[in-house]
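Using the sequences and the hints given, assemble the complete structure.
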Amino acid sequence: MEHSLLVWLLPTLALVAGVAIGFLVARLLPNAAPNRTQRQLDDIQERFDSYQNEVVTHFNSTATLVKKLTQSYQEVQDHLADGANRLALDDITRQRLLAALHSDAPQAPRERLTPPRENQEPPRDYAPKTPDAPGMLDEHYGLKK
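The sequence shown lines up with residues 2 to 146 when you count with my numbering.
Treat the hints as calculated values from the structure; they're not laboratory data.
Yeah, the Cβ is synthetic: ideal placement off N, Cα and C, and Gly gets one too.
Treat the hints loosely; a few may be bogus.
Said to hold, decoys possible - Using C-beta positions, here's what the derived DEER-type ranges look like:
| no. | residue 1 | residue 2 | range |
| --- | --- | --- | --- |
| 1 | Asn54 | Ala15 | 51 to 61 Å |
| 2 | Asp126 | Ser73 | 43 to 53 Å |
| 3 | Val56 | Ile22 | 45 to 55 Å |
| 4 | Gln78 | Val56 | 25 to 35 Å |
| 5 | Thr58 | Leu25 | 48 to 58 Å |
| 6 | Ser51 | Glu76 | 33 to 43 Å |
Right under this line is the structure:
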């Protein structure tokens, strides 16, 4: 009888010890995994916030530089208009210079002087010849008799 009691008692004690050890390990490890995941999430969020700040700073700097560029362009335009008013010799020249400075509309493309013909032949890289005239590869071509 002692033998059958021992057969049942040892596995039962091993089962209870395994459950206790499993319970302790399960309580310790899940706390470590969420903490590590939370730290990784916080790190990624911090890097993302830093990136967003860099993007905002970049576009603010770009807007400031474009504003300065526009102001400089306007100053150059005013300087040229003032120079045209002061330095042009006559009214016609002054009007042409000012019209050229203030023409904001895009210019229309120029028309061709001669429209292309429909059946226009491309240029040849050789001289045409009559049927009974000697060609350029003839021995007597270009020699006077």
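We went through each hint and held it up to the structure:
1. Asn54 to Ala15: 51 to 61 Å: About 58 Å separates the Cβ atoms of asparagine 54 and alanine 15, which means 51 to 61 Å holds.
2. Asp126 to Ser73: 43 to 53 Å: holds (52 Å)
3. Val56 to Ile22: 45 to 55 Å: holds (51 Å)
4. Gln78 to Val56: 25 to 35 Å: holds (33 Å)
5. Thr58 to Leu25: 48 to 58 Å: With a Cβ separation near 51 Å, threonine 58 and leucine 25 satisfy 48 to 58 Å, so the hint holds.
6. Ser51 to Glu76: 33 to 43 Å: Holds: the Cβ-Cβ distance is about 38 Å, inside 33 to 43 Å.
In this structure, none of the earlier numbered hints is contradicted; all agree with it.
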